[in-house]
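Asker: Between the sequences and the hints, there should be enough to build the whole structure, so can you do that?
First to last, the protein sequences are chains A and B.
Residue 576 in my numbering sits at position 584 of the first sequence, with consecutive numbering throughout.
Every position in the second sequence, counted from 1, becomes a number in my numbering once 591 is added.
It is worth saying that the hints were derived from the structure and are not from the lab.
Take the hints with a grain of salt, since some may be wrong.
Stated by the list, open to error - Cross-link-like lysine to any residue pairs, in silico, SDA-like; alpha carbons within 20 Å at most:
| id | chain 1 | residue 1 | chain 2 | residue 2 |
| --- | --- | --- | --- | --- |
| 1 | B | LYS902 | A | THR67 |
| 2 | B | LYS902 | A | GLU69 |
| 3 | A | LYS50 | B | ARG694 |
| 4 | B | LYS902 | A | GLY66 |
| 5 | B | LYS644 | A | GLU69 |
| 6 | A | LYS232 | B | PRO793 |
| 7 | B | LYS644 | A | TYR65 |
| 8 | A | LYS232 | B | GLY693 |
| 9 | A | LYS232 | B | LYS902 |
| 10 | A | LYS50 | B | VAL786 |
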Amino acid sequence: MEQEHINPARPRKVVLAPLDPVHDVGLKLIRRKLVDKGHNVTLLPPDLSPEEIVSRAKSEDPDFVMISRALSYGTSELLARFVDLCDAAGLRERAKLVAGGLSMKPEIAQELGFDAGFGPDTPVEVAVAYVEGEDVDLSNGSRQQTKVDLTAGFTYKFLDSEIGSLCTGIARQLICWANKRTSPGVERAHLRTAMEAERGCSPGYGQKLRSQYASLSSGEVKQWYCTGKPVSHTRPITQKEAGEIQSLSRKAGSPAFPRSQDILNDRNVFVQYGTGCPVMDAYHIYLSTAWGAKGVIHFDPSWGARNEGLLEQAWSHEHDGTVLTLDNLGLIKNGLIPGTMWQVRAHRGLNTPETVVLAHLAGADLTKINIVYGSLGAGTDPERLAVDGVEAMKLAARYNLPYDVVTNEELCGVPAAKAFAGMLVVVTAGVLLGGRPLLQPLFANSPEGMITGFTEHNFVDFNVAKMKVLFSIIDAPIWPGAPVGFLTQTQDRSQSSVMTALHAALALDCGAAAVTIASSDEAYAGGPITAPSRIDTLKATGAALRFFGNGGISPTPKAEAIAHELREAIAAVLRQIAARGDFVSSLYEGLLGDREDGAYPGRSGKGTVSLKQ
Amino acid sequence: MKVVGIAGTAKNTGKTTTLLEAIRFFDERRKKLFITGIGYDGEDFDNLTGLPKPRVFVPEGAVVASALPLLQSSPARFDDLKDTGVRCALGRIFLGRVTSPGRVVLAGPASTRDLASVAALAPEDSIVLLDGAFSRISPMVVADSLILATGAARSRDSHRIAREINAIDTIMRLPVMKDVCTGGNKVIGDGVLNVSGGLFLPGQGQELAWRLNGTRKPRTVYVAGIINPLVLLEALNEMGLNRSGGPGHVASVSFIFDHPIMLLLSGDVLQWERVFHILYEAGLKTGVLGSMALLGATVNPYIPLRSGAGKYIATYVPPESFLGDITNLTRVPCTDIILEGPGKLQSWLKRFLD
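Answerer: Rendered as structure tokens:
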């Protein structure tokens, strides 16, 4: 029977029957919800035989017969017999049969012959919606993946005039300084644009561009362009592997969204991927999206940040991080469920502007640009990353590609005040260049939290204080990360899931536009990240959101005090930088984090910046 | 159009293996195949035990009716996708003609009504193969012929299995009452007692006996719907037929049932042995309005055995002795396809085609 033919306006007649002698709580809950909505509900007593239920249901002439039964191998035959009895007794001429209970899922309901099956994770509203004739897709969940603009509604106006004024002045100086300079990274970004435009059009011209590109590259990447020798620990993707992603993309139209994860539908939860193998990535992305991730973040190998230049073609990488090439990105994009948001990170190394180009060409929705973290915590020369970062922000603005600005230098031990000062300057520069940046404070148990005692009694106050202070300074989207819960997770998957979930719930409760979570084995994995560990944290996040619901999370008064302290410290750092009159020198000189803090100006790309002719 | 159903007496009794051999048999003879199932079949691992399952492969040219998402994610390729207008727990059921053979998961119509409307879409000159699920048999009323899949997952007791097969066979062989006049789900005629809604609740047998012993003295009892053998026994006891001969006029009453399958849905099928014995001893006629042929029974020695919380392991009873015992004790042709190969099954299907 066509579910759509049901008139939702008409009260439905529903018979609820526990085939289980004791467990009828679920049915009582459904009864309350259905009665509240004006439906005519009869709840039969427990411990009736299937024949008695059929007989009593028949006398009611219902639209729906809903059965509850905890499922096991033995009891499944009982349910199958019940379905047969209903069928032969003519109940199915009119009524739909629904089964619910432990272990129930749509596939088992189908095998048993029910019209629908709801497991213990199914929200009761779904059962009610089914009764009311909504076209509930029982196998796939109800989630429609739709992209959202995380920056929508934000004005980027400074609410703290002193900090706003300081940031604007420093950012203008940075842009002015960078505008006069160039680097191999900037040059390659322009070359890559030209090369991709020429791809397949004029081989001769393309070859010339590739030679130029090779001359601007270094290390094994340069070697590959010159000799064709693959970079260590990489191999080309085979046709079969590419076909595997194509096959997955065919399934991508009908992913099995578990209904229990519907709670994440309106939350922008992001996960990172980067197993090294685009095929495996595609599967991880597929699973993560099905389990509630709104977006995914491309994680490239660490050597990709240290070598000048990016490879071409599709590659598999033996270690963590998936090689950043347009072909690899194209393969991965093929496997994305439509509506999945996709971030390609460009933040920390020698290929920052070119990565923004690739992100744009591949159709990514977001990128990631950071001058300070890349310079002080990720090994790239500050001068070089300042030039490349500004260029990357210009490109992102041109492509209308939002990006986050992360403060992961906090992980090295840099105090939040210094990290936030750097982030705010970069964000300001981004806005001045016409872009749409998002603030990405570290939302974790940072070294500073441990050392100062901010996180001694709870992990709430310090993180809430960070959100409070940033929201009080600028009207901009905040996307805590990256990922949340760093240094609170252990090798224990349960513990890691709980910590991740609580951080995510707290961040969203604080008004975060999005949140990035780790897998449960990500922080301390001794090997590749496993797919189940991704589901762990997504499930846990869903459970945490359900737990807090609209109850909210209250920090102690200390949060306010920390926020105040932070604000003053941020302003003090900015005043120092403004007084220094040179943002890049401030990076070298430790104003945004010094050796004592655990920050070291990087050396990759040192001496490669030149003045524009 | 000819319809053959593969019905199990329990889960894991070998329906999928039987289906695969049946598909191969008809495909080799270039028959137009229309394949659907009343449950969910062809998945990698069993949804309840987690143990590996036989996969379902569909040949080029066959028409498959299954939930659309499963057709779309199948390695087999389909064209002419058509919406049947029927929905199951996994989505809309579509028909698709196989253009590139491959694996498929079958999830078809679950009810008799939906199965009939989907099967009606099969081309007139096709063979319709209905794949069963669990011990469900009610929708198989749509089939002309039936293959029974049974085995150790139903019971390790080969004697019990043989008795069940014999009881089902006896029911399938009940004479078809061609001469009775029916209308509006009733048998029309003088002296007919029409019992609507079946007889499957305790007390209904006693009530039937009272009506038979009432003043109208019906000569024919037509029971529309499900019959539980114990309820009929209750009636026979109340009528005194459980004692030798029984009193008065009831010795000439005929019992008519809808369809043999209505006798298989409620209660223990072995109880029918007693019922038929009493009816036979009393000389009472019994018949059905609809019929189907039981082609044979496939016997599977496989048992998924629970070995800890939520875990199962595959175990087997000794296949030769299990099959041998059953074969010796039943008049119905039986085979273990894995042990004996598909020869016997093929001979039944040839008979079906003839």
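Asker: Would you mind marking each hint as holding or not holding in the structure?
Answerer: Checked hints:
| no. | hint | result |
| --- | --- | --- |
| 1 | B:LYS902 to A:THR67 | holds, 16 Å |
| 2 | B:LYS902 to A:GLU69 | holds, 18 Å |
| 3 | A:LYS50 to B:ARG694 | violated, 40 Å |
| 4 | B:LYS902 to A:GLY66 | holds, 14 Å |
| 5 | B:LYS644 to A:GLU69 | holds, 18 Å |
| 6 | A:LYS232 to B:PRO793 | violated, 63 Å |
| 7 | B:LYS644 to A:TYR65 | holds, 15 Å |
| 8 | A:LYS232 to B:GLY693 | holds, 18 Å |
| 9 | A:LYS232 to B:LYS902 | violated, 34 Å |
| 10 | A:LYS50 to B:VAL786 | holds, 16 Å |
Consistency with the previously given hints fails for numbers 3, 6, 9, ordered from lowest to highest.
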